[in-house]
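If you're matching them up, the sequences are chains A and B in order.
Each residue of the first sequence is one higher than the one before, starting from 37 at the first, in the numbering used here.
Each residue of the second sequence is one higher than the one before, starting from 436 at the first, in the numbering used here.
Derived from the structure by calculation, the hints contain no laboratory data.
Any given hint could be a false lead.
With the C-beta cut set under 8 angstroms, the calculated list includes, among others, these residues of chain A facing chain B [unchecked claim]:
| id | residue |
| --- | --- |
| 1 | Thr41 |
| 2 | Tyr42 |
| 3 | Leu173 |
| 4 | Ser241 |
| 5 | Phe397 |
| 6 | Arg470 |
Stretches of chain B that chain A covers, calculated by requiring three or more beta carbons in the stretch to come under 8 angstroms of a beta carbon on chain A [what the hints assert, rightly or not]:
| id | region |
| --- | --- |
| 7 | 469-479 |
| 8 | 485-499 |
| 9 | 510-518 |
| 10 | 525-532 |
| 11 | 541-548 |
| 12 | 578-592 |
Straight line, CA to CA, 30 angstroms or less: simulated DSS-like cross-link-like pairs of lysine-lysine [as the list claims (entries may be wrong)]:
| id | chain 1 | residue 1 | chain 2 | residue 2 |
| --- | --- | --- | --- | --- |
| 13 | A | Lys220 | A | Lys44 |
| 14 | B | Lys461 | A | Lys471 |
| 15 | A | Lys452 | A | Lys220 |
| 16 | A | Lys58 | A | Lys303 |
| 17 | A | Lys219 | A | Lys471 |
| 18 | A | Lys471 | B | Lys466 |
| 19 | B | Lys522 | A | Lys350 |
| 20 | A | Lys471 | B | Lys462 |
| 21 | B | Lys461 | B | Lys582 |
| 22 | A | Lys309 | A | Lys91 |
| 23 | B | Lys464 | A | Lys471 |
| 24 | A | Lys43 | A | Lys303 |
| 25 | A | Lys58 | A | Lys452 |
| 26 | A | Lys381 | A | Lys303 |
| 27 | A | Lys381 | A | Lys321 |
We put the CB at the ideal spot given by N, CA and C, even for glycine.
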Amino acid sequence: MSTLTYKKVNEDFLSLLRNPTKAWYILFALDLLVLAFGAACWIYQIQTGMGAAGKMRPVMWALYITDFVFWVGIGHAGTLISAVLFLFRSRFRNAIYRTAEGMTVFAVMTAGLFPLIHLGRVWFFYWLLPYPNQRGLWPNFRSPLEWDVFAVSTYLTISSVFFFVGLIPDLAVARENAVGLRKKIYTLASLGWRGTDRQWKHYNSAYIYFAALATPLVFSVHSVVSWDFAMSVNPGWHGTIFAPYFVAGAIFSGIGMVITLMVPMRKIFGLEKYLTDWHFDSMGKILLFTSLIVTYAYATEMFMAWYSGNIFEKSVFWDRAFGPVGWAYWIMVLCNCLIPLLCIKKSMRTNVWGMFIISIFVNIGMWFERFVIIVQSLSHNFDPWVWRMYQPTLVDVGVSIGSFAWFGMFFLLFIKFLPAMAIVEMKEILPAPRKNASAA
Amino acid sequence: MSKKLSGVLAVFEHVDTTIDAIRALKKDKRKLTVMTPVPNHEIAEEIDDTQSPVRLCTFVGGLVGGILGFALCAFTSLDWPLITNGKEILSIPPFMIITFECTILFGGLTNLVAMLFFSGLPSLDVSEGFDPRFTEDRFGIWVPCGKDEAEQVAGVLRANGAEEVRVDAA
Numbered sequence: 037m038s039t040l041t042y043k044k045v046n047e048d049f050l051s052l053l054r055n056p057t058k059a060w061y062i063l064f065a066l067d068l069l070v071l072a073f074g075a076a077c078w079i080y081q082i083q084t085g086m087g088a089a090g091k092m093r094p095v096m097w098a099l100y101i102t103d104f105v106f107w108v109g110i111g112h113a114g115t116l117i118s119a120v121l122f123l124f125r126s127r128f129r130n131a132i133y134r135t136a137e138g139m140t141v142f143a144v145m146t147a148g149l150f151p152l153i154h155l156g157r158v159w160f161f162y163w164l165l166p167y168p169n170q171r172g173l174w175p176n177f178r179s180p181l182e183w184d185v186f187a188v189s190t191y192l193t194i195s196s197v198f199f200f201v202g203l204i205p206d207l208a209v210a211r212e213n214a215v216g217l218r219k220k221i222y223t224l225a226s227l228g229w230r231g232t233d234r235q236w237k238h239y240n241s242a243y244i245y246f247a248a249l250a251t252p253l254v255f256s257v258h259s260v261v262s263w264d265f266a267m268s269v270n271p272g273w274h275g276t277i278f279a280p281y282f283v284a285g286a287i288f289s290g291i292g293m294v295i296t297l298m299v300p301m302r303k304i305f306g307l308e309k310y311l312t313d314w315h316f317d318s319m320g321k322i323l324l325f326t327s328l329i330v331t332y333a334y335a336t337e338m339f340m341a342w343y344s345g346n347i348f349e350k351s352v353f354w355d356r357a358f359g360p361v362g363w364a365y366w367i368m369v370l371c372n373c374l375i376p377l378l379c380i381k382k383s384m385r386t387n388v389w390g391m392f393i394i395s396i397f398v399n400i401g402m403w404f405e406r407f408v409i410i411v412q413s414l415s416h417n418f419d420p421w422v423w424r425m426y427q428p429t430l431v432d433v434g435v436s437i438g439s440f441a442w443f444g445m446f447f448l449l450f451i452k453f454l455p456a457m458a459i460v461e462m463k464e465i466l467p468a469p470r471k472n473a474s475a476a
Numbered sequence: 436m437s438k439k440l441s442g443v444l445a446v447f448e449h450v451d452t453t454i455d456a457i458r459a460l461k462k463d464k465r466k467l468t469v470m471t472p473v474p475n476h477e478i479a480e481e482i483d484d485t486q487s488p489v490r491l492c493t494f495v496g497g498l499v500g501g502i503l504g505f506a507l508c509a510f511t512s513l514d515w516p517l518i519t520n521g522k523e524i525l526s527i528p529p530f531m532i533i534t535f536e537c538t539i540l541f542g543g544l545t546n547l548v549a550m551l552f553f554s555g556l557p558s559l560d561v562s563e564g565f566d567p568r569f570t571e572d573r574f575g576i577w578v579p580c581g582k583d584e585a586e587q588v589a590g591v592l593r594a595n596g597a598e599e600v601r602v603d604a605a
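Pulled out of the complex, with its shape left as it was, chain A reads as follows (with noise of 0.2 angstroms):
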């Protein structure tokens, strides 16, 4: 890193802008069938109804459930290193954090789509919203449902926001190297800036309150999404560790979904030397201790449910573990809890593939944790009689495939046309030319 210099830092990040290449477009265009396909899934269902989402009671929450809490959890980890990490002064940040905070906004876009697919019907979804109407109807706002209204377009707000001024410089160098549309739509998205003092002053003093802000918000945010849950009577939701529990697992998730993306950038672009085993190690390290606690609340849940001597709850957790979707909650285990205890070893955090496919398991581990928790909870409910496993359908499958491909869209977009590393944060931890370099 000591041989890098401010002009060769924006002619590399610079060089993720030129024009997209063939293999780019063959993989846009992929991606885009495979969204089409989710569309069409979403289609079909708005036509016929719920029951084509394989919705029958007792687990009226499913698939889409499990997407939403995936996807809102998969956007913490972005926040985490941009706002958390930043107040920290943490500074192998710098060269992910970018990539991560893009990441966040498109996974909560993604996150936003599914309570509205999960309605049914969708057009009336303004009806969360508090407006004033005809009939003097006010939203109920002691239900958590609400709650996640409020907590979920407040993170997508702040989160874009916070993305959009952390683009303001880069934009403009961008903008500096642009010819053509390119250069006219940087002009007018870095807003004119020159990175003057009386700019810098005021940017360097509303980037520490949009950290300051963040950062409660992202601990808020997935214990908001955990109290859907919690705040029921339903064994096996209604426990006061969801909160912590919840947050935790978001950011073991969102890290692992950060390895899954750098990796390949990092190949296909030649980053090695800005993303370094440092990263890697870092990112293993928050990985491990995430994964620590998820595994902490794994077995606290089961001790309560026994401790407790509810029998309900003692049911649920027993069947969650041994009944028809045990090989779910083994999933969940092997990827969230076993797995990622390869990174105790340094030689393995600083192996860049070795995390990549760590990070995998990661994914999946994690979503197979919010289906275990959604629909085995649900489908094993106080009552015997009413006990039916939940049967996955090609709608809402397919609709959770689409959701990948809506994420990718956005993600293979901002590769090519946003500054996906952070020019001006990169600079910044190189030493400043000076020509007097003794007096530094």
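On the provided structure of chain A, position chain B as indicated by the hints.
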């Protein structure tokens, strides 16, 4: 010959020579604008060490947001007093969540607006007193002055290590 010059623009390669030039210009009581590719604490301290008013705006924005969030819950609940979940009409703990979210939302948006306002953004004309190299690896000083003072200012800038000095006409 009455044409007035808008100022002198100097390009520097190093941060320490930029600081030397700032000190020399401040001694002459010149108004100046410094442009840097990255924020630099040393330069910031030389120019202006006062606190940005953005933080106060953010605080006020957050406070107003919190009050509005709580008021929304309280007044709408009183408007149609229906007991749900066995909780009181004015149930403070659940309302705190909406209050918190509105605090963050309004605080964040006020922060953005205040930052843009005090930074003079958006301002899409970047032609005056600017060079594209300031977004790459060069430091710039822009001194607005008349034609009669331009040579003297340019001399100060050159004497302090400017690699390029340009007199920009209005």
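Checking against the hints above, which ones are violated? Numbers 5, 12, 17, 22, in rising order.
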